[in-house]
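Peer 1: Protein chains in written order, with the working numbering: chain D, 1 to 425; chain F, 1001 to 1169; chain P, 2001 to 2104.
Just so you know, the hints here were simulated from the structure itself, not pulled from any lab data.
You can trust all of the hints, since none of them are fake.
Here are the simulated distance ranges between beta carbons:
(1) D:TRP303 to F:LEU1140: 46 to 56 Å
(2) P:ILE2099 to F:ALA1008: 39 to 49 Å
(3) P:THR2090 to F:LEU1093: 27 to 37 Å
Just some of the chain P residues that point at chain F, by a computed CB distance under 8 Å:
(4) ALA2017
(5) HIS2063
(6) ILE2070
What you are looking at is a predicted structure, and each value in this text was computed from that prediction instead of being measured.
All residues carry an ideal CB built from backbone N, CA and C; glycine is no exception.
For reference, the chains in residue letters:
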Amino acid sequence: MLLERLRGGPLLAEWWDLRDIGNAVGGFLQRIEEWGAPDWVPYVVSGLIGILGILLWLLASQIVFIWIERRAIALMQNRLGPNRVGPMGLLQPIADSLKLFLKEAITTRDSDRLLFWVAPVAIFTPAMVVFAVVPFSEGMVLADLNVGVLFLIAVAALNTMAVFMAGWSSNNKYALLGAMRTVAMLISYELIQVLALLGVVLFAGSMRLSDVVGWQSGFNTWLIFLQPLPALAYLIAGAVEINRSPMDIAEAESEIVAGYHTEYSGIKFGFFYAAEYFAGFAISAVAVSLYLGGWTAWGLEQWVPGWLLFLAKLYLVFSIFIWTRGTLPRLRIDQLMAFAWKFLLPMSLLNVVVVGGEVLIWREMDLSAGVALPVIGAVNAAMAVALVVGWGRMLGHGRPERRAQRALLTTEVGANFYGKAAPGA
Amino acid sequence: MDDAGAIAAFWILASLTVGSALMVVVVRNLIHAVVLLILSFLGVAGLYVTLSADFVAVAQVLIYAGAISVLILFAIMLTPQAGRDNAETLLRLPMLLLAVVVGFTIGLVSLETDWSIADRGGFEETASAIGEALLSKYVLPFEMASVLLLVSMIGAIVLVRSEGFSEEE
Amino acid sequence: MSVGLEHYLVVGAVLFATGLYLTLAKRNFVGVLMGIELMFNAANLTFVSFSRFVESAAPLSGHVFVVFVITVAAAEAAIALALAVLVYRTHGTIDVDRINLLKW
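Working from the sequences, and respecting the hints, build out all of it.
Peer 2: This is the structure:
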């Protein structure tokens, strides 16, 4: 009865149409304007709706994916996983988050109180802000910046500081070690990310994320087919950025307890935990937008709401991270750094040069997209295979003498704690 | 820039920038000083946004707040036995006077000069225009900047290369 | 009340003075470096605000300048911090008062 009345009303008629949330919000804002509100009200309201929507979606996805991840990894490792709270352990994430809320947030005596408090917030913010420029569907984007791709990288760079603040303020050698490892890793893999995304920007000719998605749907292709190597490099760099296994040396339990959040407990730890998931979703969202066609899928978006397609792809990409966590062993830090600097960096640089040449030839010779794109895709795929195999052979097995014997930076920095002489220095 | 939002944004960001820059001077702990410095950099980035300089703002966040501050942190961590305090030298008072005089002069000049203000409004989009300018009109400085970066990278590596590494080779 | 060029220039002036004081008066070399970075920022802010407000044939030149300044600042920071680490290795301190090899 109530629903009938509401559906006839002006508001719900549009909200009910699940196909396009963006339009519904737009209609709602227009209505506000018609009510005679000043200019800034729709502006603020749209921002609030977007932020709240994204936050709620993130929290819901996180709660679901905590369960999925724990169960899936348990299956992969021949365990049972959480199965006591609720049917099939479904309520386990809720119990976990309740526990995190209720537990005491301990601040150790010798910690730097201010930074210790600021760090969880500082790490939470960049993970959220990334979603401002991600187009969930046509028009469903909070701030369609024309420097979107650069913005993503810039925001991710802020993570380094937050991690460092957490590790340093804890006044704990494991925390500091974890923080220094993370900082070194993030800086190295940031370069890879920039170079990987540069290929996308070269193709699309714009740094606006919705333009990149539009380019992909316009040419009816996904950039992962044109850019297989950078897509892989981006995913690897993303896994490093969110500390996912096999790149989770920053919080390797068997080596340095829990890395930079060793001393955190209660809700402050919850912030780190949530931020890690949010950053994972952010990486997946960016990968989907830039490499997997965003909310388009060869005409399927006419039948299915775009944001559903987007979310499906996002969860698929995120599942890859879960899968790698379940199957791959952890790398050593020197292996990880060498992989970035000796393997991914030269290949990404080469890729930028090749893509630039290809786009130039495509434009100058005025080829039709139907001819140029398959050729470019084939060339790049062949190049990816050749480079991975050839470069790997040149660097890797067969020449064990070339492998790094020790991680110089970490041993030096690791020997440094608060005013005391470094042992052996 | 007359609407209330832009004015509020300016005052908030300006006080953030200047306030945290002054705190860098006052604060005793070097790590806190770096964090405040980053806050100041972010404030400047916000001011760039209010000036409709989107590309420069993002570059500011990426390079200053993301890279240079981390470099500074590494420098602090790699010099463990040096003091972690942020104290002044003996020249403190004369330098304070000098800085105040310089700042006052610049401020006075910028207030008193009759700038030829153009009422042109903000830029629509700067990234592509900057890119075109860099690769056409400013292509020589652009190349020189890249050479400079290469030189400084090699220089930094050569400077701090530890002895242990060359022995192993 | 509106915000104009002068507001930004005054912010730049204060930032510059702060950076100058840090550079000249701080004992720790890293503090000196932070002052230099602040001065770079003040100059950049001034460039961008001129580029936004002042009459010019090519208003975006200011932005291009800022891009170059940021590049040079990054290079300078890398070299300066390498020097800091080097000085620390040879002298055991980066206190600018006690680095006095050039005195005599």
